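This is what each chain is made of:
Number of protein chains: 2
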Amino acid sequence: MAKTTTPQKAAAVRQRGVTMSDVARHAGVSRTAVSFVLSNRENASISEETRTRINDAVQALGYRPNAGARALASQRSDWYGLVTEIVTAPFAVDIIKGAQDQAWLDHRFLLIAPSDQADAVGPNQGLEDAATEKLLEQRVEGLLYAATYHRGVHVPEGAHEVPTVLINCFDADGKLPSIVPDERAGGRIAVDRLLRAGHSRIGVINLDPHIPAAVGRLKGAREALAGAGLELDPELVVSGHATADGGYDAACEILDRYPKDQRPTALFCLNDRMAMGAYDAIKERGLTIPGDIAVIGFDNQELIAAYLRPKLTTVALPFEKMGALGVQTLAALTAGQPITADQQLVDCPLLERSSV
Amino acid sequence: MAKTTTPQKAAAVRQRGVTMSDVARHAGVSRTAVSFVLSNRENASISEETRTRINDAVQALGYRPNAGARALASQRSDWYGLVTEIVTAPFAVDIIKGAQDQAWLDHRFLLIAPSDQADAVGPNQGLEDAATEKLLEQRVEGLLYAATYHRGVHVPEGAHEVPTVLINCFDADGKLPSIVPDERAGGRIAVDRLLRAGHSRIGVINLDPHIPAAVGRLKGAREALAGAGLELDPELVVSGHATADGGYDAACEILDRYPKDQRPTALFCLNDRMAMGAYDAIKERGLTIPGDIAVIGFDNQELIAAYLRPKLTTVALPFEKMGALGVQTLAALTAGQPITADQQLVDCPLLERSSV
DNA sequence: TGCAGTAAGTAACTCGCGTTACTCACCCGC
DNA sequence: GCGGGTGAGTAACGCGAGTTACTTACTGCA
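Sequence lines, in order, name chains A and B. Straight run, no breaks: the first sequence in this note's numbering ends on number 735. Straight run, no breaks: the second sequence in this note's numbering ends on number 735.
Please keep in mind that the hints were generated in silico from the structure rather than gathered at the bench. Please note that a few of the clues may not be correct.
Since copy identity is lost for identical chains, a pair holds within one copy or between any two.
[What the hints assert, rightly or not] Derived lysine-lysine pairs resembling BS3-like cross-links, with alpha carbons at most 30 Å apart:
no.: 1; residue 1: 662; residue 2: 690
no.: 2; residue 1: 700; residue 2: 690
no.: 3; residue 1: 476; residue 2: 700
no.: 4; residue 1: 662; residue 2: 554
no.: 5; residue 1: 700; residue 2: 662
no.: 6; residue 1: 513; residue 2: 639
no.: 7; residue 1: 554; residue 2: 690
Note that the structure is a prediction, hence the values are computed from the model and not measured.
Between the sequences and the hints, there should be enough to build the whole structure, so can you do that?
See the structure below:
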């Protein structure tokens, strides 16, 4: 005989959940009075005495407002919808965290819907219609679209019915506001750091050169070098697969190509996974980090950067901040601010560890 | 002059969203008829003709049901609440993914609420009241509590008002059903794998010995050894901090303690981060993996396991499956199945890579 | 012809709450 | 002693649906 409770009973309790009418009856007043008190109406004239009587009744009965009914009556839901593939490719979870925290602060709820169901189609699609539709059925007041990596996306039709903000991606049609990392400044910071450490011959392990991240970071790198009167030697830029193996191969190529005295003394890896591979290539050759070769990464993937030996100095993608900023921006829009296609750039801070 | 749209206009469009009455009017029928058709009522007698007339009207007007109103009238929300600290400590995000996907399949929405706000108190608390309360206000039909690591937790009072399931943690008060990884079987599988590879002298890099994960995995390891007629040498079990550094230190201790011929030929690291440190210790000593020392991990932290060189063979925590199973269990409970305090164990599969 | 039975709908109530308009008693000043 | 203000509250409608009970017309059969 296990101790059990029938959910029917629980459901019954819940179904007959106490309503405002119950509270009103218990306090001997009208339902309207209860509503006025609970919503702290400015110009309602309710005596202090009945006010406390009502509050007591609320306590006594354990009244809990019904958010749905309230939304229906007041025509506002306090809900934002977040459509994202991050749920399924959790590289950028911190976006969700940032958005969630900010929403919580604003007393709003985030309805999170996944976006990579089977019907996703086309290049850069994946921000899915079905999810959007479901969210609109819930009468969300605004929509957020978040991507795992910085790129252009096409947003479903429905997104234009309510205020919408894109996070870590931008509207390929150029109509919606977006929040993206300042890749260029990030690249500049990274290379600046290496320059400050005295390096002038810097190898770059590049990503797929076409994605916004690569374009921006490389541009920033060039700017930093230019600031020091240097130029980026194209031969020192090697593209590879965005994995540890890709980084390993690229690093090998750079390291083995030159005699010791012409070898770059520092590597700028455009992401941390590649840096991880570069570490192996360097160590394999009996070289030390940062003694012989300094390494700087990008992305700040905690599990890698903080646990590599030596710990990896890297530039962080401001996921959490972008998430929070997305919600703030959305709040402004739903509050009446005009919608423009502005693109807000968010700083990528340098995280100093021990590899430079 | 940027192209702008006033959100007021958008809001107006949304406010005057088309309702069932609009559809009814447009189709020249009663609202009831529309409701019957849209909800596919069994015993409703509506002619095929008006049925299509109604569907056409739905299309023409772009009618979109109001989920809130429906919930209010039908007394069911199709929402589950998920309270979790994972949003803020994203180690086990896959739980969310699993739950989310399953919920989506069941046409249900997951309301995710964070659980580590400032007011969290007490040991193992952190599954927070405020979040629960908010979710109950939304009239969720059931609650899920998910933890980042396997442990006992205390659940807020409110959780007992609706069906509730714990994921990757269990009710310290022993009243609620839970889904947890089968740590013991996992430990057994790991050591079995090493035994199969011919190792008999196996070092163990242990976690904090008190947490359920350590207890279970170690017990499994002993069982596996017993199956081969061996015993676990207590001297070969070294506990360390659950980080790469901790793993490094522990591995050094084990490796340096014995002359070459008495040295263990394999290490069972109770998590992947420690395995990462162990790798360094091994490589530093000029030993090869898996040639001289085989290494097996636990957790399958993709970013580590799949990118270490050689790739790490490890036992995976079935986060995604636990999330899905949690939702399935909850669905059963809300459907009327009696609530018991059962603990469902989920298998931890072995992921073969190249370190054994 | 008369009556039951069914197909095809519809009127009206409900869900829990926000909100507007209205009532009623009382007090104040002239 | 009477008009008008004000404090304290309430009746009643609407939000967008689900649902029950009822009506109406038509058909078939004795």
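> From the Cα coordinates, with 30 Å as the cut-off, is the pair residue 700 and residue 662 best called within, between, both, or neither?
Replying inline: neither (35 Å within a copy, 38 Å between copies)
>> Regarding residue 513 and residue 639, is the shortest C-alpha distance of 30 Å or less found within a copy, between copies, in both, or in neither?
In response: neither (60 Å within a copy, 63 Å between copies)
>> Please sort residue 662 with residue 554 into within, between, both or neither, judging by C-alpha distance up to 30 Å.
In response: neither (48 Å within a copy, 53 Å between copies)
> When no copy is named, should residue 554 and residue 690 be tagged within, between, both, or neither for a Cα gap of at most 30 Å?
Replying inline: Neither: 41 Å inside a copy, 44 Å across copies.
> How do residue 700 and residue 690 come out at 30 Å by Cα distance, when the copy is not named: within, between, both, or neither?
Replying inline: within (23 Å within a copy, 33 Å between copies)
> Can you tell me if residue 476 and residue 700 fall within 30 Å by alpha carbon in one copy, between copies, both or neither?
Replying inline: both (9 Å within a copy, 22 Å between copies)
>> Cα distance capped at 30 Å. Does residue 662 pair with residue 690 within a copy, between copies, both, or neither?
In response: both (14 Å within a copy, 17 Å between copies)
Going through the hint list in order, the structure does not satisfy hints 4, 5, 6 and 7.
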